[in-house]
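Undergrad: Go by the hints and put chains B, C, D, E and F with the ligands onto chain A.
Chains as they are written, first to last, in our numbering: chain A, 9 to 103; chain B, 9 to 103; chain C, 9 to 103; chain D, 957 to 1287; chain E, 957 to 1287; chain F, 957 to 1287.
Derived by calculation from the structure, the hints in this document are not laboratory data. Values in this document were obtained by computation on a predicted structure and should not be read as measured data. Worth double-checking, as some hints may not be accurate.
Claimed, not checked - Some chain E residues close to chain D (C-beta under 10 Å, calculated; not the full set):
1. LEU1003
2. TYR1010
3. ALA1014
4. GLU1062
5. PHE1163
Claimed, not checked - Rough simulated footprint, nothing fancy, chain E against chain F, three-plus residues with beta-carbon under 8 Å:
6. 995-1003
7. 1008-1018
8. 1044-1055
Backbone N, C-alpha and C fix where the C-beta goes; we use that ideal spot for every residue, glycine too.
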Amino acid sequence: MTRVTIIAEAVVAERIIEDLLRLGASGYTRTEAEGRGSRGVRASEWEGKNQKIETVVRPAVAEAVFDHLVQDYFEHFAVIAYAHPVEVVRGEKYG
Amino acid sequence: MTRVTIIAEAVVAERIIEDLLRLGASGYTRTEAEGRGSRGVRASEWEGKNQKIETVVRPAVAEAVFDHLVQDYFEHFAVIAYAHPVEVVRGEKYG
Amino acid sequence: MTRVTIIAEAVVAERIIEDLLRLGASGYTRTEAEGRGSRGVRASEWEGKNQKIETVVRPAVAEAVFDHLVQDYFEHFAVIAYAHPVEVVRGEKYG
Amino acid sequence: MDWLISHAAMSTAELLRLNLFSPVILCFFLGVAATLVRSDLKFPDALYQGLSIYLLLAIGLKGGAALSASAEAGLWLVLAAGLVLGAAIPLWCYPVLRWLGRFKPEDAAAVAAHYGSVSVVTFLAAIAFLRAMNEPFEGYLPALVAVMEVPGIAVALLLVPRPAGSGRVWGETLHTVLAGKSVFLLLGGLFVGMLAGERGMEKVDAFFVAPFAGVLCLFLLEMGMVASRRFGDLRRAGLFLIVFALLMPLLNGAVGIGLGWLCDLSRGGAFVLGVLAASASYIAAPATVRLALPAASPAIYLTASLGITFPFNLTVGIPLYFALSGWLYGV
Amino acid sequence: MDWLISHAAMSTAELLRLNLFSPVILCFFLGVAATLVRSDLKFPDALYQGLSIYLLLAIGLKGGAALSASAEAGLWLVLAAGLVLGAAIPLWCYPVLRWLGRFKPEDAAAVAAHYGSVSVVTFLAAIAFLRAMNEPFEGYLPALVAVMEVPGIAVALLLVPRPAGSGRVWGETLHTVLAGKSVFLLLGGLFVGMLAGERGMEKVDAFFVAPFAGVLCLFLLEMGMVASRRFGDLRRAGLFLIVFALLMPLLNGAVGIGLGWLCDLSRGGAFVLGVLAASASYIAAPATVRLALPAASPAIYLTASLGITFPFNLTVGIPLYFALSGWLYGV
Amino acid sequence: MDWLISHAAMSTAELLRLNLFSPVILCFFLGVAATLVRSDLKFPDALYQGLSIYLLLAIGLKGGAALSASAEAGLWLVLAAGLVLGAAIPLWCYPVLRWLGRFKPEDAAAVAAHYGSVSVVTFLAAIAFLRAMNEPFEGYLPALVAVMEVPGIAVALLLVPRPAGSGRVWGETLHTVLAGKSVFLLLGGLFVGMLAGERGMEKVDAFFVAPFAGVLCLFLLEMGMVASRRFGDLRRAGLFLIVFALLMPLLNGAVGIGLGWLCDLSRGGAFVLGVLAASASYIAAPATVRLALPAASPAIYLTASLGITFPFNLTVGIPLYFALSGWLYGV
Ligand SMILES: Nc1ncnc2c1ncn2[C@@H]1O[C@H](COP(=O)(O)O)[C@@H](O)[C@H]1O
Ligand SMILES: Nc1ncnc2c1ncn2[C@@H]1O[C@H](COP(=O)(O)O)[C@@H](O)[C@H]1O
Ligand SMILES: Nc1ncnc2c1ncn2[C@@H]1O[C@H](COP(=O)(O)O)[C@@H](O)[C@H]1O
Ligand code: NA
Ligand code: NA
Ligand code: NA
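Isolated chain A, as found in the complex (with noise of 0.2 Å):
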C-alpha cells in the first residue's frame, strides 16, 4: 500500500477530501498543522490552520491522487503531497 501525505490550506482541505473518497480511498486522517513552504499564499490566518491530510491506498489510487492535485489545486492553492509505500496491517481493508 502506499501513504500519501497532503498538506493543504484549510480553505480547499474538505473538497480535497471528499477528491480522495471519489478516486478510491477508503478513508483519510487528517491533523491541524502549521507551515512556511515557498509559495506563501494563504486566503487568512484565521481562516485556520494547514490541514495535514494522510490516507493508505492502492499505489493506482495514489498516482490518481497525484495526478488530481496537480491538475486541480497546485496553480491556484497552497499544497504539496508526497507518497512511500508502507506495509498496513490486514491491508485487505484498503480495497
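TA: This is chains B, C, D, E and F with the ligands only, laid out in the frame that chain A set:
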C-alpha cells in the same frame, strides 16, 4: 529502524500506548487527529478525537506490535496501523 | 526527496526551524504532539507540547540537518529525528 | 401574571410552557437547529471543556456555601438512598431490554448501565429550573450526583459474563468513582464552598453565581448540536428502543421522587432525586462501557441516552417530574 | 461634562476623541502594538472562537428581547433595503477597481465582494458606541447583518466569467446564507430572545449583557493583532488600493445612512445601516472568494478590507458616520 | 466578627487562617488534590492561556484606571527600587547555592535567575488578598511586576561563563523585556486604563473587575495541578534545596518590604514589593534558562520555584509578609 503509525479512537489510545512500551518501544509521539474509515464505530464524539500514535522501534518490535493490535483491538475498535523503514539519528537509543 | 521528521521540545522548535531553512529546506510543516522518550528532560509542561516538524528536502540537505541536530541539540534537549525517502508531486519546487 | 409566587397552582401545561420557553431550553433547540440546517457552527473542544469545568465547580461551590450555612440532617440517609437507587435501576432495565426487547446481553447491559448512571447536564437544568421557580432545595444535592454516577454502571457490567481483560476495567471503574472529573469537581466544589463559607464565597459570586444560567445556555447550545447528531440513528434504532427511552425515565423518575419523599427531602429535593433517577448518563457510562463491553454497539446506547432520553428529560421530563412532586407533596 | 446627555451637541472632533479613548478601541490599538513590538502574545484559536460565539449570540439575544417588548413596524422594509444595498455596492465598486484602478477582473470582483458584504466586528463596535452614547436603536438590527452578509458576495462573483467548478461554489454560497455561523447565531439569538421575552432574558443578563463591552475589548485586542499583521502588505498594495479602501467606505456609509433615513429608521438605526454599508467583510468573503476566484490575490483583498478599511472604520469611521447621521437628522 | 474593619489588630495566625480558607487558596488545594487522587481533570491549554490573558489584562486595566484618578508621586523611585532589587537578588542567591549548596555553576545560576525574577500569579494572589482585607495600595503596582520580571534573569545568566551561541540568547532575553506577553499585557493594560480613565473603564467593569476573584480561583485550581506535579521530584531534590526554597523567600520578602518602606510606599504597596521579591518565576525564567543554560537541570529549578516556593508563598508567605509589613508600619 521501523516507524509504526497507529490511528486509534481516543478510548483505547492510553491502553495501546501502555502495550507499546511493554512490547519494547522506547518512546512514542502522539497527535490528535480526525478521520473517517470504513467502519465508523466510535463511542462518542466528545470523548475526544482519534489519536495518531507514532513510534520508532526495531523491526522485531514492530512485528510484535502488529500482531498484538490484530489480536486485541481490530475486531471491536476503530484502529488502523501501518509501518515503514526509517533511518534515525543515533539509532542506538531506541534499543 | 527525503522526508525528515524531527520531534523536539517546544523551547527549541523555533530555533530548529530557523536552522532548517538556513540549511536549505524550502519549507516545513509543524504539528503539536505529546510524547514520552528515554530521557524525559523538559523545561516545563506548560511551556507547550512537543513540536513535530516535518520537512521534505534533498537527501544532501537531510544529511546536513542530521549532522546539525546531533551537534547542537542532542546532548541537552529532548529531540529525536528520523528520515525516509518519499516521492513528491513536482519535486522541482523543493530545490 | 406573577408566576414567581403562584407557581404552586400551576398546571403541568403551564410548567411545560415555562420550561420550553426558558432561554436554557431554547438554546438547546437552537443547537438542534444548527445541526438540522448543517451550520458550520462548532464549539472548539477547549470551550466545551472550559464550560463544563465552570459549571461543575460552580454548582459544587454554591452547594457547599449553602451547606455551611445550615447543617442539614438526613444527608447520609439521602446519599445512601441515591446510591441504592442507582445500583438498583439496571436490575429492572436489563431484563426489560434482554427479554422484552430481545437485545443481546452486551447491548442490554450497556443500555442498563447508562440508565443506572446519571446525566450531570440534566441535573444542572433541573437546578436552573428550581431557581427560576424560586423553589428551595437542599444544599448537598451536588453530592447526590457524585454518589449516583457510578454504582449503576458497576451493577450493569456485573450482569454479563466478564470478557477477557475486564480486571483492568474494574480497576479503572473503581478509580473513576474517586477521581473522574465530574465527581471530583462537584465534591471538590462542595468542600471548598463549605470551608470558605457563605461570607467567603460572596467575593466570587460575581463569577460563579451570577453568570451561571447564561453559561448553561451556551453549554446547552453545544449539547443540542451533540444530541441532534444522534437523531440520524433514530430510524435504525427500532421502535422498542424509542419506547424504552421515553417510558423508562418516567418510571425511574417516579421511583426517585417517591424515595425522596420517604427520605423526608423537601419537594425540590425529591424532584431532583427523581430527575437524577430518570436521567441517563452519556459521559461516564459510554467511556466505561466502550472498554468493558466492546462488543456492545455504541449506536444503540448513545442513541437511547443521548438522542432520546436526554432531550426528552430536558424539555418534557423536568416540568413533568416537578408536577408529579407537587402532586405527591400536596401543593 | 455630562456627555451622556449633551452628546447631541458634540462636535465631530469630540466624537472622535470619545471613540478613540474608549476601552474597546484602545484595546484594538494594544493589539496593533503587540504585533509592532513582536510580542509573543497569541490568542489560542479556541479563545477566538469562544469569544465570537459569545458576542454573536449575545447581540442576537439582546436584540430579540428588545423586539419582543415592542413590535416594530418597518422591519421588512428595512431588511429589504439592506439586502438591496448590499447587492448594489459591488456594482459601483467593480467598475472603479477595474477601470480606474486597472485591476484584473478577478481581483476587482474579489475586492468588490468584500465591500458588498459586511464586517460583524465593526457592527458590534458600532452598537457598543451607541450604547456608550445612550442613543436608542431598533432591536432587529442584528437581522440586518444577517441579511447583508451574502448578497454582495454573490453579485460580485457574477461579475466575472464563471471558472470551471463554480457550480459547486454557488451551492456552497447559498448554503452560507442559511447556515454560516455568524448569520446563524445572530438570527438564532434573535429568535431565542424573542421567544424568551425580556422577562426570561433577565435571568441570563448577568452573562449575556453586563460583560458584553468587556468581552468586546478582549476580542478587539485579538483583532488588532490580526489586522496589523496585514500592515506589512500595505507598501506593496499601491496607492490606488489605499485610497479606495479609505474613500469607498465613506461613500457607502453615506448611502447607507441616507437609505436608513428614507426607510424611517431612528438616527441610531440609520447610523448602523451606514456602518454596515461602509464595512468590508473579512470572514465570509475571503473564504468564499478564495474558492470561487482562486486566481484573485488574497494579498489585495485582505489588505484592503482587513488592513485598511477595518481599522479606519473602527477608529475614524464610526464617529464620522455618527456625526453625519446627526447632521441628516438635524440633531 | 467584623474582620473588614478590625484586621489591623489581627494576629498572624488569624491572617493565616483567613488566607488558607479563602476560596482562591482552597481552589489551589483542590488542584493539588486532583493530582494526588490522579483525577482525569485537565485544563485544556487554550483555557489556561485564556485565563492568563484575562487576569493580566484585567489587573493592568484596573491599575491604569486607578492611576488616572490620582497622579501618584514616587512612581519612578519605586520602579527603580524594584528593578535594582530584582537585579540584586541573584547576587546573594548564587553564592549561597554554589558554595553552601555545592550546586554546579549552571544549576546555581539557573535557580538564582528564578528567584531574581517574579511570579505573576503570586502577585495576583497578593492583590486579591489586599482587596479582601480592604487594604489600599498604589495603582501602578502592575508596572512593578513588569519591571521586575527580567533583570534578575539577566544578572544570573551573567554569573556563569557564557556558553556558545549565547549572543542569540541575549538578544532574545532583551526582547522578552519589551514584548513578553505577561509584561506586555500588564503594561498595555495600564496604558489603556490610564487613557480610558475611571469613567471609561466603568463600562467594562462588569467583565474586568467583578469576576476577577472568581477567575483567579479557576486559575489557581489549574496552578495547583501544575505545582503538585512537581512534588514527585521533591524527594530527589535534597534537603538543601528545600530549605533554600523556604528561607530565601523570607529573606527576600523582608528586604522588599523594607525597601518599600524606605521608598515611602503605602503599607499595601510595601507588602506587594515584598511578595514580588519573595516570589520565584516559573514562566519567563524557565523558558529563558532552558535556552541559555541547557546544561542546568530543569528538575532542580522547577522543583524549587514551582514545587516549593510558589505553594509556600501562596499559603503561608502572603499572610506572613502582610503581618511583617503591619509590624513595620506600626499598625
Ligand atoms: N485508508 C485510510 N487512510 C488513512 N487513515 C485511515 C484509513 N482508514 C481509516 N483511517 C483512520 O482510522 C480510523 C478508524 O478507521 P475505521 O476503523 O476503518 O473506521 C479513521 O477514523 C481514520 O482516522
Ligand atoms: N521511540 C520513539 N518513537 C517515537 N517518538 C519518540 C521515541 N522516543 C522519543 N520520542 C519523542 O521524542 C521526545 C523526546 O524524547 P527523549 O529525548 O528520548 O525524552 C519524546 O517526548 C517523544 O515525543
Ligand atoms: N519542503 C517542505 N516540507 C514540508 N512541508 C512543506 C514544504 N514546503 C511547503 N510545505 C507545507 O505546504 C504548505 C504550502 O506550501 P507552499 O504552497 O509552498 O506555500 C506550507 O504552509 C507548509 O505547511
Ligand atoms: Na439514572
Ligand atoms: Na459593506
Ligand atoms: Na523574586
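Undergrad: Hints first: check each against the structure and report whether it holds.
TA: Consistency of the hints with the structure:
For LEU1003 (chain E), the interface hint holds, the least distance from its beta-carbon to any beta-carbon of chain D being 8 Å, beneath 10 Å. A least Cβ separation of about 7 Å between TYR1010 (chain E) and chain D falls short of the 10 Å threshold, and the interface hint therefore holds. A cut of 10 Å between beta carbons decides the hint on ALA1014 (chain E): the least distance to chain D is about 9 Å, and the hint holds. Checking GLU1062 (chain E) against chain D by beta carbon gives a least distance of about 25 Å; that is not within 10 Å, so the hint is violated.
Interface restraint check: PHE1163 (chain E) against chain D, minimum CB-CB distance 2 Å, threshold 10 Å, status holds. Here's how the region 995-1003 of chain F fares: 4 of its residues keep a CB closer than 8 Å to some CB of chain E, so the rule of at least three is met and the hint holds. Only residues whose beta carbon comes within less than 8 Å of a beta carbon in chain E count, and the region 1008-1018 of chain F has 4; three or more means the coverage holds. Under the rule that three or more residues need a Cβ within less than 8 Å of chain E, the assignment of the region 1044-1055 of chain F is violated, with 0 such residues.
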